[in-house]
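Participant: Sequence:
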Amino acid sequence: MSPCFRGEHALRRYPNEEEHCVACKLCEAVCPAQGPNFEFATETYEELLYNKEKLLNNGDQWKLEIAANIQADYLYR
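Everything in the sequence shown is counted per UniProt numbering, starting at 1 for the first residue and increasing by one.
Honestly, the hints are just simulated from the structure, not real lab data.
Check each hint, because a few of them may be wrong.
Here are the computed distance ranges between Cβ atoms for each label pair [as the list claims (entries may be wrong)]: (1) Tyr14 <-> Thr44: 28 to 34 Å; (2) Thr44 <-> Ile70: 15 to 21 Å; (3) Asn16 <-> Leu48: 27 to 33 Å.
For every residue, glycine included, the Cβ atom is placed at its ideal position computed from N, Cα and C.
Working from the sequences, and respecting the hints, build out all of it.
Facilitator: Okay, structure coming up:
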């Protein structure tokens, strides 16, 4: 597995709890992996869908891990 792999997608918040996302879709345009296709295995179709609420929850739940992964990734940028 690549050392750049960060796992689950998440949307992060600023310290004042505002969301980073402004719906500009630039993240889609600058994806370092060139928008790869993934095949996910889940119990239900709904588990495959990422809405804003799910992304925010992931960002909140994995805040420390995401920050550590971004810090560790600086050598590859």
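Participant: Out of the numbered hints, which ones does the structure contradict?
Facilitator: Checked against the structure, the only hint that fails is number 2, while the rest are satisfied.
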